[in-house]
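Colleague: If you're matching them up, the sequences are chains H, W and P in order. When the count follows the numbering used here, it moves up by one through the first sequence with no breaks and lands on 283 for the last residue. When the count follows the numbering used here, it moves up by one through the second sequence with no breaks and lands on 1392 for the last residue. When the count follows the numbering used here, it moves up by one through the third sequence with no breaks and lands on 737 for the last residue.
Just so you know, these hints were derived from the structure itself, not from any lab. Each residue gets a CB set at the ideal place from its N, CA and C atoms; glycine is no exception. Hints may contain errors.
Derived contacts from chain P toward chain H, CB cut-off under 8 Å, selection only [to be verified]:
id: 1; residue: Arg-616
id: 2; residue: Leu-620
id: 3; residue: Leu-631
id: 4; residue: Gly-676
Here are some chain H residues the structure puts well away from chain P; computed CB gaps all over 12 Å [said to hold, decoys possible]:
id: 5; residue: Gly-25
id: 6; residue: Asn-53
id: 7; residue: Ala-65
id: 8; residue: Met-96
id: 9; residue: Glu-105
id: 10; residue: Phe-118
id: 11; residue: His-120
id: 12; residue: Leu-177
id: 13; residue: Gln-190
id: 14; residue: Glu-235
id: 15; residue: Gly-252
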Amino acid sequence: MIAAAPQNGQGALALSLKDVGFSYGRRAVLDAISLDFARGQFVAVVGPNGCGKSTLLKVMAGLLQPSQGAVLVEGAPLAGTSRKKLARKLSMLAQSNEAPEGMVVRDLVGMGRFAHEGWLSSGSPEDLRHVQTAMDIMEVCDLAERRVGELSGGQLQRCRMAMTLAQDAGILLLDEPTNHLDLRYQYALLETARMQAASGRAVIAVLHDLTHASLYADRIILMAKGKVVAEGPPADVLTTGNVAEVYGISTVAMPFGRAVVHLPESALVEKRQPAGERK
Amino acid sequence: MRLPSIRKAAFVIRIGRVVHLPIALRSSAVILGLGLVLALAALISLQLGSTAISLGQVLHWLAPFTTTEPETASIMRLRWPRIAVAILGGAMVSVSGYLLQVVARNGLADPGLLGISQGSMAAIILGGALFGLSPAWLAWVGLLGGFLTAAIVLTLAYRLASATGLILVGLAVGIVLGAAIEIVMVQGGMLQFARLLAWSHGSLTAASPASTGMMALWAAILLPLCLLVSGRMMPLLLGHEQAAGLGASPRRLSLGLTLLAAALVAPVVAAVGPISFLGLIAGHISRRLVGERPTAVVPVAMLCGALILLTADTVGRTLFLPVIVPAGILVSIAGVLTFLVAARLSRTRY
Amino acid sequence: MKAGSGLALLSVAVVALALLHLMAGARLASPGVVLDALLNHDPRNYQHVVVVKQRLTRLLVAGYSGAVLAVSGMLLQKVLRNDLVSPSTLGINSGAVTFVVLGIYAFGLDGAALFWPALLGGVFAVAVTFLAAGLVRQGARDPLSLILGGAMTATLFSSATTFVISIDPDRFGKLLGWLVGDIGNFDYQPLIYLWPVGLLGIGMALALCRPIDLLTLGTEQAATLGADPRFVRGGALALAIPLAISAVCVVGPIGFVGLIAPHVARLLLGETGRSTMVFCALTGAVIVIAADMAARTLLAPQLLQVGTVMALCGGVAFLAIILTTLRRRAA
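With the hints as extra help, turn the sequences into a complete structure.
Modeller: In structure tokens form, the structure reads like this:
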């Protein structure tokens, strides 16, 4: 754990899972998971397909009810909190890329402010300010008047990220946020996530790419089969032993500064023979 | 659609090098069984009615070279056309539905859902109401209307590059045609409107020896043609490109099958009115029974459709006496329900 | 189009169309006569009586049902995230008709009391449609399945309606016009009792507009943005069905207003917001008023039913919507 100097809420406990389990019918997806997430940290959740990382994120967002244990948001139990109250504390970028094609980007981003609006008040100066800031951060200002149907997948993803930022919540959950993005915006988005953490939010992202996770995250949670296999700073978690155990392939780990790059051993063998000719 | 698995044929009919017809055991058993059930159902439905007639009398009437009491004979003269129309109409509509399913590569196609029945009906109403054509001609007019509608629907949907769009386009075209029909019907005054309302749901009350003869003529030509064509349909199940790769000419084949489907529906619409969902259900059930091989599905679909329509009509005219429920209503109610159950069952299996 | 100018333009169009509607008919009334009849009504003047008693009620009935059906369709399209959904394509109309016919046959109900069986029928039909759609669905998001389920439900219920009518055709003689959707002279009677349903429903729809907009982003995203998806969806359905039913009770099953008006509004004023909702209601009113005028004048002296005219135009529009949406998806 990184013990950063507690400034603007840095280090304060934002979200914690106490012995959380979840199952679809009889199949257990999450098994007794206990984790704490502090403000000011960017945490990446990684693991193979179907290990339960997206389910974990949904449980944290209150979209799924855990079958055992409890989720605490800023010390208060999540169960029973109204969605609107919760949305002021916690925002999430969902994986689905769904939005009506005729919707204008400015309206889409503005939807992020819903939790701060009253029944009759919307579009207050403060709302507009947050929307503008979020669009600035995600570099989508020039798309503001475009329709969703005209956007590329990457552009839409950035607009949706802007919407999530406009929500201005202390906890930011990102479900595979680099989907649909090209190389430049993948890094830009991860950089944004890190900056958001640095400004005192708790940022938790499900990521696929171990290199991305190790480059940007302060802490990595490695999951397999509904359990946490290892957690901690990237270099401690992403060891060849852990990767072999979780993903079932042997790799060579190459540290680059704080990043760890895992390359498959099989690809590094120089002389490969075609499968058919092997005796 | 699932693709057929290759089954080993039980016997092969072989005449020199020209004819080589493998017969699968399962489908021949199904066809035989369905045929027996259909014959039985026809016998029972000859018995039932406002005046019940014993089985012995029915058999006596059926037996050649014997004379029956005039009373029984006159009742039978009223009943047999209706039963024959139900059997022929059921067979024709359901094969038509199956052909459309193959052309559209969509198990949900049906002449009623694709607007073809409505096209036939609109043409027939126009022909009957405006030009006073005789029933024999109405079938031809209906064929023209049905085929034009099918052509329009298929061309519109062809450019959508999505097989699912076909049904929606068909629904929309059917709605437009339905409104047009309504305009004509309302013009004719309320009494005629009420009568047409029953016809528009498929009623077999109007079945007469004349309309039976007309339908039998169409069926005698078209149904064997369907059986003949069924051997050539298999490649279409794989999609147009693959079919062309296999040496079939998918465009010409699709066009021909669509024409055939419209031709099968037209005389039925002219005689008893449109019967929706029958093609969809019969196709679905027969594919469940014998798999996807068109040579097996076509005869089974014929028998299934005949059996369903006959049962629906018999139930409709006997169960709620003195009210006679149009068979089309029962078919669509029973049909929708069976279909939903079938959809449910097939889901749990896969 | 800016929301303000769009609404202003449409309001002008509504007023102009209303005036035209009051003028048109078997005997053409000049605009002066119409204004005269409205402002200083003379009960002894035959033309005044015709304008107020016949045409004005028709106008109100048409406008009311159009607005209400349009808002109902808008709610359904947004909440179900399906551009092809409307009260008629979901089978609500035909379910209501069946239960109305049953109510007349079994309990001898009439007038505004028919609202309750109709509402029951509408709810029942939606449930059947959802069930059927769930059974034919292929894949998680399949917009077709709901429409197909609706078509099946509509077939089922219209078969049942025909059955009930065929039991005792004489009893339903005067109902035949209503069955295809008609605005006759005596239709204002249920409206007197039912207009609060429409007013309240549209008001609530405007209040719920924002969370309903959120739902278009998907259930999960809407939830994390602060809307309770189950509450919002349930609320929108609980508004949409009575709204549609209140129109069906007055004019019969008029289709397609609920499908087309939302598309027009969203195309012109944008996807979200309260002004789009208001615009949608006005568009619906314009469509039905225009259809009523067409029904009365197109084949004069023969009268057509407004439901038939709507089905004819609406079917074509439905086709156009299908062709454009599916082509866009394929591209």
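Colleague: Run the structure past the numbered hints and jot down the numbers of the failing ones, going up.
Modeller: 7, 8, 9, 10, 11 and 12
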